[in-house]
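Asker: The lines below spell out each chain.
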Amino acid sequence: MLLDIIILISLLALGYYFGQRAEKKHYKSIIERENQLIKLPLVALKTPPPIKQYEVNAALVTGSVVISIDFFKKFIASLKMLFGGRLTTYESLLDRARREALLRLREQAKIRNAFVVLNTRIETASISKSSGRREGSIGSIEVVAYGTAISMTNRRRNITS
Amino acid sequence: MILTNIEEVPGRRILEHYGLVQGNTIRAKHVGKDILASIKNIFGGELAAYTELLSESRKEATDRMIQQAEAMGANAIINVRYSTSSVAQGAAELYAYGTAV
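Residue numbers (my numbering), protein chains in the order written: chain Z, 1 to 161; chain G, 1001 to 1101.
Next comes chain G alone, as it looks inside the complex:
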């Protein structure tokens, strides 16, 4: 599966558009990690645990999007976009969408 965030796949020709595919995941934060994070809020610096958590969740959202595209019989997704929104206190939704071709 080829993913791009431009309107084409360089070097390939798009034959058919299958439509929008999407994937999302909602993650709540771990209480222990939250406590660690609030300690880090005193000292400042990178929150490696959160970076990892979010990139993992983003990967999961992407995987779900890819699954959907595969079910459609597509072999690439173009114009992929990511967005993050907080649905509740302490939980975040990661959303990925694109056009299957």
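Bound-form chain Z, shown alone:
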């Protein structure tokens, strides 16, 4: 009994320490990279910008990330689930995952010299439900972002399908 409590508390402490540190570091790198890639807009529109049609090139780009919650946050969330209300611990997890996936999408688009990414879509899936002890607990989530990167080409292309 006492051992159980000691294990729980040490897991909470470990989760708190490493989780907070990882989150701070991640947010710092996200903000840094977002500032670098701010010139490359992601849009949810489907129509290409009005430029001469034959000069552009299109390609599908994706960015994905799997991110896991720490034990401390999971514990807090399970406590909060008794009372209801906002689960701020999960909010920051999802926010980090989405921003990271979008950043990876932009990095992919940057490699292709794209100037805009059209029809950006974000999908979220919760994986590894089985590794959680409780039913329906979110262990880790996957976020995929994908879109069509539009880049300019210098040479004219033949108009074929």
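Read the hints as simulated data drawn from the structure, not as lab findings. Hints may be right or wrong, so weigh each one.
Stated by the list, open to error - Facing chain Z, from chain G, some residues (calculated, C-beta under 7 Å):
{"id": "1", "residue": "M1001"}
{"id": "2", "residue": "T1004"}
{"id": "3", "residue": "P1010"}
{"id": "4", "residue": "G1011"}
{"id": "5", "residue": "Y1018"}
{"id": "6", "residue": "K1040"}
{"id": "7", "residue": "G1044"}
{"id": "8", "residue": "G1045"}
{"id": "9", "residue": "Y1050"}
{"id": "10", "residue": "L1054"}
{"id": "11", "residue": "S1055"}
{"id": "12", "residue": "S1057"}
{"id": "13", "residue": "E1060"}
{"id": "14", "residue": "V1080"}
{"id": "15", "residue": "T1084"}
Don't be surprised by glycine CBs; every beta carbon is placed ideally from N, CA and C.
Position chain G against the provided structure of chain Z, taking the given hints into account.
Answerer: What follows is chain G alone, placed relative to chain Z:
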């Protein structure tokens, strides 16, 4: 093969629609990786092994879709969509579909 997720290929004209093409793959998780993941669940952070696994599987689904389109004689796939669903505990299906043109 050009892939886009909009209804056209910018800069090209669509001559013919060949119909829907699709590709899927179902992946089960590795036990060792699963144990590592549950350890990571204590500390939090990114699961790089899973990110890699899923993006690889997604690429495979896309490749199968492309193969199908090539067999039809298409040279582009438009309106590509991805979807993920978990079919069983510990296994995930990755599905890609689009219209071959």
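Asker: Now tell me, hint by hint, if it's right for this structure.
Answerer: A quick look at each hint next to the structure:
1. Because the beta carbon of G/M1001 sits about 10 Å from the nearest beta carbon in chain Z, more than 7 Å, this interface hint is broken.
2. The closest approach between the C-beta of G/T1004 and any C-beta of chain Z is roughly 4 Å, which is under the 7 Å cut-off, so the hint is satisfied.
3. Nearest Cβ of chain Z to the Cβ of G/P1010: about 5 Å, under the 7 Å cut. The hint holds.
4. The interface hint given for G/G1011 holds, since its Cβ lies 5 Å from the closest Cβ of chain Z, which is under the 7 Å cut-off.
5. Against a cut-off of 7 Å between C-beta atoms, the interface hint on G/Y1018 is violated, since the closest Cβ of chain Z lies about 10 Å away.
6. A least Cβ separation of about 5 Å between G/K1040 and chain Z falls short of the 7 Å threshold, and the interface hint therefore holds.
7. The restraint placing G/G1044 at the interface with chain Z holds, with a minimum CB-CB distance near 3 Å, inside the 7 Å limit.
8. With 7 Å as the threshold, the beta carbon of G/G1045 comes within range of chain Z, its nearest partner Cβ sitting at about 4 Å, so the hint holds.
9. About 4 Å separates the beta-carbon of G/Y1050 from the nearest beta-carbon of chain Z, less than 7 Å, and the hint is met.
10. For G/L1054, the suggested interface contact is upheld, since its CB lies about 6 Å from the closest CB of chain Z, less than 7 Å.
11. Proximity of G/S1055 to chain Z holds as hinted, the smallest CB-CB distance being about 5 Å (cut-off 7 Å).
12. Of the supplied interface hints, the one on G/S1057 is violated, with its beta-carbon coming no nearer than about 10 Å to a beta-carbon of chain Z, more than 7 Å.
13. Of the supplied interface hints, the one on G/E1060 is violated, with its beta-carbon coming no nearer than about 13 Å to a beta-carbon of chain Z, more than 7 Å.
14. Because the smallest distance between the Cβ of G/V1080 and any Cβ of chain Z comes to about 6 Å, under 7 Å, the interface hint for this residue holds.
15. Here the hint on G/T1084 is kept, as its CB sits about 4 Å from the closest CB of chain Z, short of 7 Å.
When held up to the earlier numbered hints, the structure conflicts with 1, 5, 12 and 13 and fits the remainder.
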